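Asker: Here's the letter readout for the chains.
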Amino acid sequence: MLSEAEKPTAEFLDVAIWRGNAKRGVFHSYKVPQLENQTILDVVSYVQRHIEPKLTYRFACRVGMCGSCAMMVNGRPMWTCRTHVDRAMRGIMRGNPLTIEPLRNLPVIKDLACDMSGFFEKWTRAEGRFHPTRTRSEAIEAISPDSDARKAANEAIECINCAVCYAACDAVTGNKHYLGPAALNRAWTLINDQRDGGRNLRLSAVSGKGGCHNCHSQQSCSNYCPNELNPTMSITGLKRETTKAALKREI
Amino acid sequence: MIGVRLYLAQRLSAMVMVPLVFGHLAIMIYAIRDGLSAAEILSRTQGSIFWGLFYGLFVIAAAIHASIGLRVLAHEYLKIGNTNLNLLTGLIGSGFLILGARAVIAVTL
Ligand code: SF4
Ligand code: SF4
Ligand code: FES
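Just so you know, the sequences run in chain order A and B.
Heads up, the first sequence is in the working numbering, so the first residue is 1 and it goes up one at a time.
Heads up, the second sequence is in the working numbering, so the first residue is 252 and it goes up one at a time.
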């Protein structure tokens with residue numbers, strides 16, 4: 001027979017949401033009606049609509065496209081619009097609440113909303129910008145989808161800028177200069193873009209004190225990326241190409 | 252906090268150390284198998300250019316490798332900034348180099 005503590009908690013879900021600002025914050029407890037098919041974002045939205053109208057959080061598309069809804073759920077970074085409560089609670093002892101916090105490694109603005117500007121600045125610092133080699137009056141260069149370079153670029157291209165990998169990365173926690181998995185993954189797609197003319201500029205940009213060489217290759221980023229990208233592999237590619245360029249004294 | 256040059260130095264020193272570590276282990280096991288005394292070992296290493304080079308190279312590679320590794324730890328865990336970090340890397344590297352060189356000189360000269 002089940003003990004009192006082991007009995008299912010009827011229809012209410014115990015939720016602990018972190019609320020606060022850049023300086024301090026605490027967990028607030030809420031009871032949210034449990035549904036059969038419920039995402040973490042549904043839970044947060046329920047709290048904001050019915051219990052705590054001042055709760056601040058971000059979302060836009062609700063279908064895993066925009067990358068704005070990422071949070072720490074039970075201590076792990078996730079996209080909340082496509083993570084079901086059931087899945088997030090797997091492995092969590094009965095009686096423990098569902099905890100929701102702002103993303104790690106980013107400054108908090110309020111409650112669950114983080115300041116993403118540092119994250120995006122690093123994309124610029126990693127030379128995540130396309131450097132065109134042709135003008136608009138020239139014909140568009142034909143790129144074979146079968147070329148190795150294009151295949152490598154395609155493998156890494158479906159990034160939604162959600163910063164889940166950035167929150168999962170201990171190198172980011174330890175080294176504030178470190179560009180992080182997302183920016184470096186972006187740089188790798190451009191290194192493999194045959195139309196791009198900024199190769200050496202970019203290889204230098206990812207070789208400084210916050211560059212790709214500061215990655216410890218522990219693959220936390222790849223483990224948590226909701227789009228199943230592999231930033232670790234992209235970073236390994238960058239390490240290889242920067243090494244070659246440095247040996248040839250190109251950077 | 253390392254750039255491509257320190258990264259390369261750490262990788263190259265690791266590559267140098269791999270065969271040296273195995274060589275060192277193999278020789279150690281071989282040399283003491285019948286209970287060789289320190290005096291007997293010294294009689295073979297003293298005056299030997301080969302062992303001088305073998306362990307000299309080992310010490311240089313280890314000093315480079317370890318000082319860069321500790322540099323990363325010092326930055327990530329102790330938050331030591333650029334200037335002090337360079338100083339610390341140099342200090343640790345030269346420390347290991349001096350200690351190692353003393354040992355090499357003691358057994359080969
Ligand atoms: S593999 Fe590199 S980028 Fe990915 S989480 Fe680890 S240190 Fe960060
Ligand atoms: S690489 Fe993955 S986890 Fe990182 S920002 Fe892009 S989609 Fe998100
Ligand atoms: S709301 Fe757009 S990815 Fe979750």
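Hints may contain errors.
[To be verified] Straight-line alpha carbon distances no greater than 20 Å define the calculated SDA-like cross-link-like pairs of lysine to any residue that follow:
#1 Lys-330/B to Gly-118/A
#2 Lys-176/A to His-131/A
#3 Lys-209/A to Leu-336/B
#4 Lys-176/A to Leu-263/B
#5 Lys-110/A to Arg-262/B
#6 Lys-330/B to Asp-170/A
#7 Lys-176/A to Gly-332/B
#8 Lys-209/A to Arg-262/B
#9 Lys-31/A to Cys-61/A
#10 Lys-209/A to Arg-125/A
#11 Lys-209/A to Ala-282/B
#12 Lys-176/A to Lys-244/A
#13 Lys-110/A to Asp-170/A
#14 Lys-330/B to Gly-208/A
#15 Lys-176/A to Arg-262/B
#16 Lys-248/A to Leu-263/B
#17 Lys-244/A to Ile-300/B
#18 Lys-110/A to Leu-271/B
Calculated directly from the structure, the hints in this document are not laboratory data.
Note that this is a predicted model, so its numbers are computed, not measured.
Asker: Evaluate each hint against the coordinates.
Answerer: Hint by hint, here is what the structure shows:
no., hint, result
1, Lys-330/B to Gly-118/A, "holds (19 Å)"
2, Lys-176/A to His-131/A, "violated (27 Å)"
3, Lys-209/A to Leu-336/B, "holds (12 Å)"
4, Lys-176/A to Leu-263/B, "violated (27 Å)"
5, Lys-110/A to Arg-262/B, "violated (43 Å)"
6, Lys-330/B to Asp-170/A, "holds (14 Å)"
7, Lys-176/A to Gly-332/B, "holds (11 Å)"
8, Lys-209/A to Arg-262/B, "holds (17 Å)"
9, Lys-31/A to Cys-61/A, "violated (25 Å)"
10, Lys-209/A to Arg-125/A, "holds (12 Å)"
11, Lys-209/A to Ala-282/B, "violated (45 Å)"
12, Lys-176/A to Lys-244/A, "violated (26 Å)"
13, Lys-110/A to Asp-170/A, "violated (23 Å)"
14, Lys-330/B to Gly-208/A, "holds (17 Å)"
15, Lys-176/A to Arg-262/B, "violated (23 Å)"
16, Lys-248/A to Leu-263/B, "holds (16 Å)"
17, Lys-244/A to Ile-300/B, "violated (35 Å)"
18, Lys-110/A to Leu-271/B, "violated (55 Å)"
Hint compliance for this structure: hints 2, 4, 5, 9, 11, 12, 13, 15, 17 and 18 are broken, all remaining hints hold.
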